[in-house]
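**Student:** Single-letter residue listing:
There are 2 protein chains.
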Amino acid sequence: MANAPALPSAISTIMQVFDKYAGKDGNKDKLSKSEMKELIQAEMAPMLKDSKNPGQVDELFKCMDANGDDQVDFPEFMIALACLACICHGKECDMSKCKK
Amino acid sequence: MANAPALPSAISTIMQVFDKYAGKDGNKDKLSKSEMKELIQAEMAPMLKDSKNPGQVDELFKCMDANGDDQVDFPEFMIALACLACICHGKECDMSKCKK
Numbered sequence: 001m002a003n004a005p006a007l008p009s010a011i012s013t014i015m016q017v018f019d020k021y022a023g024k025d026g027n028k029d030k031l032s033k034s035e036m037k038e039l040i041q042a043e044m045a046p047m048l049k050d051s052k053n054p055g056q057v058d059e060l061f062k063c064m065d066a067n068g069d070d071q072v073d074f075p076e077f078m079i080a081l082a083c084l085a086c087i088c089h090g091k092e093c094d095m096s097k098c099k100k
Numbered sequence: 001m002a003n004a005p006a007l008p009s010a011i012s013t014i015m016q017v018f019d020k021y022a023g024k025d026g027n028k029d030k031l032s033k034s035e036m037k038e039l040i041q042a043e044m045a046p047m048l049k050d051s052k053n054p055g056q057v058d059e060l061f062k063c064m065d066a067n068g069d070d071q072v073d074f075p076e077f078m079i080a081l082a083c084l085a086c087i088c089h090g091k092e093c094d095m096s097k098c099k100k
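Chains A and B are the protein sequences, given in the same order.
Numbering-wise (the UniProt record's numbering), the first sequence opens with residue 1 and increments by one.
Numbering-wise (the UniProt record's numbering), the second sequence opens with residue 1 and increments by one.
Just so you know, not all the hints are guaranteed correct.
No copy labels: a pair is met if it fits in one copy or bridges any two.
Derived DSBU-like pairs (lysine-lysine); straight-line CA-CA distance at most 35 angstroms [as the list claims (entries may be wrong)]: (1) LYS37 with LYS20; (2) LYS37 with LYS24; (3) LYS20 with LYS30.
In short, the hints are calculated from the structure, not lab data.
No experiment lies behind these values; they were computed from the predicted model shown.
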């Protein structure tokens, strides 16, 4: 159906990807550094390749890791995806949201 | 292809939905209160219906609107979606991320 809302399935997809990698070791509700690295390489490579501003991608990685405990929970992951989406689509992105 | 990364297309879908409603009036990079209401009713109704905790949904709406300027930018929107996804999937969600 052309008018079926696309948002819920898109969000489920993101949560499935998160769970797939977060469940690999330790706390299944958080991505460890190595799980995050694996996720980025397997799932996000096409986005990074298309980025209009590679310098901001470096900044993003720093901010994904900025909460100190080397673990990324689902809301933190979504914030990072939002920033990445902004970077890739040339939208203005307030990185301070990641860095708080 | 079964192994094509699903993440980039899910994020594009979310951004397209955001742009569709944000572009209706005023600043095309932000959702006004009325645009946000329209988006929620048209695109998010199925998620809200499935919520395991309706009280948290009320809290979410308050927090989506908490930045004071009655406008929601894309990262703020993604944070709200993250909280909503957690609520709907019965995951732990730290609402303080929305409320800062």
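**Student:** Confirm or reject each hint.
**Tutor:** So, going through the hints one by one against the coordinates:
no.	hint	in the structure
1	LYS37 with LYS20	both (13 angstroms within a copy, 32 angstroms between copies)
2	LYS37 with LYS24	within (12 angstroms within a copy, 38 angstroms between copies)
3	LYS20 with LYS30	both (11 angstroms within a copy, 32 angstroms between copies)
In terms of the numbered hints stated before, the structure departs from none.
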